[in-house]
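S.K.: For this one, chain A is given, so just place chains B and C on it according to the hints.
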Amino acid sequence: MKVLLGLAGLVGFGVLLEIAPRAGLVSARYAPPTSDILATLGEQLRRDEFWVAVLDTLRTWLLGLVIAIALGVVLGVFIGSVPVLRAATASTIEFLRPIPSVALIPLVVVLYGSTIEATLILVVYAAFWQVLIQTLAGVADIDPVAADTARSYHLNRWARIRWLIWPTALPYVVTGIRLAATVALILTITGELVIGSPGLGQEIAGARTSGAVPMMYALIVVTGLFGVAANVLTRAAERRALAWHPSVRLEVQVPA
Amino acid sequence: MIKRILLAVTMPVVLLAVWWFASAGSTDFYFPPLRRILETFPETWFGPRMVDDVLPSLARLAIGYAAALCVGIALGMLIGANRTLRAVVEPLLEFLRAVPPPVLVPILMLMAGIGDLMKVLVIVSGCLWPILLNTVEGVRAVDEVLTDTCRSYRIRGRLRVWHLMVRSASPQIVAGARQALSIGIILMVISEMFAASSGIGFTVIQFKDGFRIPQMWSGVLLLGLLGVLLALLFRLVERRVLGWYHGIRAVQKER
Amino acid sequence: MLTVKGLSKTYDAKGRRVEAIGDVSFDVADGEFVCVVGPSGCGKTTLLRCIAGLLPPTSGEIVVEGRKVDGPPDGLAVVFQEYGRSLFPWLRVRDNVDLPLRAAGMGKAKRRELVTEALDAVGLADAHAAYPWQLSGGMQQRVAIARAIAYQPRVLLMDEPFAAVDAQTRADLEDLIRSVWQRLGVTLLFVTHDIDESVYLGQRVVMLSSSPTTVAEDLAIDLPAARDQLATRSDPRFTELRGQVYAQIQKAKQERT
Numbered sequence: 001m002k003v004l005l006g007l008a009g010l011v012g013f014g015v016l017l018e019i020a021p022r023a024g025l026v027s028a029r030y031a032p033p034t035s036d037i038l039a040t041l042g043e044q045l046r047r048d049e050f051w052v053a054v055l056d057t058l059r060t061w062l063l064g065l066v067i068a069i070a071l072g073v074v075l076g077v078f079i080g081s082v083p084v085l086r087a088a089t090a091s092t093i094e095f096l097r098p099i100p101s102v103a104l105i106p107l108v109v110v111l112y113g114s115t116i117e118a119t120l121i122l123v124v125y126a127a128f129w130q131v132l133i134q135t136l137a138g139v140a141d142i143d144p145v146a147a148d149t150a151r152s153y154h155l156n157r158w159a160r161i162r163w164l165i166w167p168t169a170l171p172y173v174v175t176g177i178r179l180a181a182t183v184a185l186i187l188t189i190t191g192e193l194v195i196g197s198p199g200l201g202q203e204i205a206g207a208r209t210s211g212a213v214p215m216m217y218a219l220i221v222v223t224g225l226f227g228v229a230a231n232v233l234t235r236a237a238e239r240r241a242l243a244w245h246p247s248v249r250l251e252v253q254v255p256a
Numbered sequence: 001m002i003k004r005i006l007l008a009v010t011m012p013v014v015l016l017a018v019w020w021f022a023s024a025g026s027t028d029f030y031f032p033p034l035r036r037i038l039e040t041f042p043e044t045w046f047g048p049r050m051v052d053d054v055l056p057s058l059a060r061l062a063i064g065y066a067a068a069l070c071v072g073i074a075l076g077m078l079i080g081a082n083r084t085l086r087a088v089v090e091p092l093l094e095f096l097r098a099v100p101p102p103v104l105v106p107i108l109m110l111m112a113g114i115g116d117l118m119k120v121l122v123i124v125s126g127c128l129w130p131i132l133l134n135t136v137e138g139v140r141a142v143d144e145v146l147t148d149t150c151r152s153y154r155i156r157g158r159l160r161v162w163h164l165m166v167r168s169a170s171p172q173i174v175a176g177a178r179q180a181l182s183i184g185i186i187l188m189v190i191s192e193m194f195a196a197s198s199g200i201g202f203t204v205i206q207f208k209d210g211f212r213i214p215q216m217w218s219g220v221l222l223l224g225l226l227g228v229l230l231a232l233l234f235r236l237v238e239r240r241v242l243g244w245y246h247g248i249r250a251v252q253k254e255r
Numbered sequence: 001m002l003t004v005k006g007l008s009k010t011y012d013a014k015g016r017r018v019e020a021i022g023d024v025s026f027d028v029a030d031g032e033f034v035c036v037v038g039p040s041g042c043g044k045t046t047l048l049r050c051i052a053g054l055l056p057p058t059s060g061e062i063v064v065e066g067r068k069v070d071g072p073p074d075g076l077a078v079v080f081q082e083y084g085r086s087l088f089p090w091l092r093v094r095d096n097v098d099l100p101l102r103a104a105g106m107g108k109a110k111r112r113e114l115v116t117e118a119l120d121a122v123g124l125a126d127a128h129a130a131y132p133w134q135l136s137g138g139m140q141q142r143v144a145i146a147r148a149i150a151y152q153p154r155v156l157l158m159d160e161p162f163a164a165v166d167a168q169t170r171a172d173l174e175d176l177i178r179s180v181w182q183r184l185g186v187t188l189l190f191v192t193h194d195i196d197e198s199v200y201l202g203q204r205v206v207m208l209s210s211s212p213t214t215v216a217e218d219l220a221i222d223l224p225a226a227r228d229q230l231a232t233r234s235d236p237r238f239t240e241l242r243g244q245v246y247a248q249i250q251k252a253k254q255e256r257t
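Protein chains in written order, with the UniProt record's numbering: chain A, 1 to 256; chain B, 1 to 255; chain C, 1 to 257.
For reference, chain A alone in the conformation it holds in the complex (with noise of 0.2 Å):
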């Protein structure tokens, strides 16, 4: 039923935007009727260049993330696991983070042009506080009473970092991923569309300037389907590391 309701939702939605244009209420111009954008999609998916652009959005999106996901799980372990040092960075990383890494933008362009290197500096930025903080999150969560068990067994570092502070801090990682993926996605998407490295974001902005306005919408809707994907299975790569793990985890939000 509630299945039946949300696809409802959505066919409504495509239909008023099919009727919306049709019946003049606004300009066909700037709001093709979906039929259009649907017709546009599907021409496009039979398009080399198309393809070309996904894969380029999607490499640079995964390659990002990844780097992301490795820095700020190392860093978040090691300087989490290390109290003198967690105590020190504390500060620095409540300032670093709320740098908004569009601020970056300007910077990455001048050193390496419209390439991918410089949007994967913005994705790789972006994506890693939010795995940094949840993983740091993850390491403090650590039970004290498992902490001093650990100790009186002298466990060495290695063995504390794989049987105590991993098992611990692992769903906060997976929920640091998801909104990463979330995050690394948005800013592979901006870096193509302002920066004009390849991918769908460029695609959008070259469709914008030759006036190809289905073809924008076609390709926003990739994205979206894109950002839907990241979503539906992160979350069940969440569900999945929560399943072993009682502890009720909270998100810690942070910034973009």
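Any given hint might turn out to be false.
[To be verified] Some residues of chain C that are not near chain B, with every Cβ distance over 12 Å (derived): (1) Lys14; (2) Gly185; (3) Gln229.
[Stated by the list, open to error] Which bits of chain B does chain A cover? Going by a derived footprint, with three or more residues having C-beta under 8 Å, they are: (4) 3–14; (5) 52–60; (6) 78–89; (7) 115–125; (8) 147–157; (9) 179–187; (10) 190–200.
[As the list claims (entries may be wrong)] The calculated label-pair distances, taken between Cβ atoms and stated as ranges, are: (11) Arg102(C) to Leu225(B): 20 to 30 Å; (12) Arg212(B) to Arg102(C): 52 to 62 Å; (13) Ala247(C) to Ser152(A): 27 to 37 Å; (14) Glu117(A) to Leu225(B): 20 to 30 Å; (15) Arg102(C) to His246(B): 25 to 35 Å; (16) Arg212(B) to Leu155(A): 48 to 58 Å; (17) Asp126(C) to Ser152(A): 26 to 36 Å; (18) Lys253(B) to Leu155(A): 21 to 31 Å; (19) Gln206(B) to Pro83(A): 41 to 51 Å; (20) Ala66(B) to Glu65(C): 42 to 52 Å.
Hint data in this document are derived by calculation from the structure and do not stem from the laboratory. Note that CB positions come from ideal geometry on N, CA and C, so glycine has one too.
M.R.: Leaving out everything else, chains B and C in the frame of chain A:
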């Protein structure tokens, strides 16, 4: 206490010092000495650009953000309180939220030109979704006993909406508002980078195109500073609005 | 006057009909203090929620002061078991007590007077500026009681209000309720699963059977009006009444199994 402050201050000071000294003798065109950047900062931003660029940017952000808060909370209340409506619009909202907000810039440029209206609309349409969806979640989670209490004591209308629904949902609303703020800053900058004749984003891109590198760096610093200040401001407001919530959390932790 | 006539309530739980209340009828006279006691899971809370107009009955009717209940009735206040959840955590104690009065459109001066009086009556005059979650469980329930007092109800319903507080606090709160009842002259319906409590507090005890619930017995408590934790509880008549209620509840339990 003193030790904690020392610990908190040490790292940023060390980082700044490293930057200062490492860049002091820099002749690299793209990495000017920090001293130069800081010297250009006041002359670049505290002159007429404050009135022409910085304040208009912030005003657009404030207006767009406030509008998104009002619309998001109001719609969220409506959708959250109505189960059927929620089932109908939820997948649609999930999709709309998943669209990366910056792609809205080209669309809204088509519809609203490149003036202030477009930029405000871009900010509204990007900030709206996290606020809206979090409000829906929050309203869904209103305690039944509290709902019964309101019914029994005939607390209705405005008092009910405020004291039962909005306040109950406020932790989620604040979480959404925090996400929205960072999206808002991004969109403020991007909408100006794309097409504008004023604004911080516009000016920074001009510096870049004119290869005025120290000024460009000062712009990057300014944006960073704004991000940090807005985050601090947000935290102050949150402490006021959610004082009760953090209080409960602290009490629960003790037990 | 509060009348429950032929009340029944069935739930539809995933295609299975669950009969929570079979057929319950009883009266409560104006100004009377009646305790409702029954084995756990016998639908006491369902009964109370029906009387409070929070839950529509499947059949039968409830009349409060001559009016059929089809929504929360006028002049009726409820004190819930979950004190922690029935208070507004974002409002200070005095604002929690004040909110229903504001909703009723009462003037500021009058409200302040009622709130102060009610907080005095429950011994929380000093805690008026605290938030509920800063108080102990017993004190939170006092706030909920103060809110009910300030509301000046003619009928007061209490749903196992002391089930979640410790024994010492519970005794204090029981005496508090007795004194409030005597002073305000409200009609009081008090639901509990505690046999001692029901005999100690009430003028009458209505005993419920296991579900599907019916009234198993309606027992008048002929103890003196002035009750005291020590004297009353050691009164042989108290022990006797307590035994009667206990036996009835045991019987009700056995009938189910």
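S.K.: Please write out, lowest number first, the hints stated earlier that are contradicted by the structure.
M.R.: 5, 7, 8, 11, 13, 17
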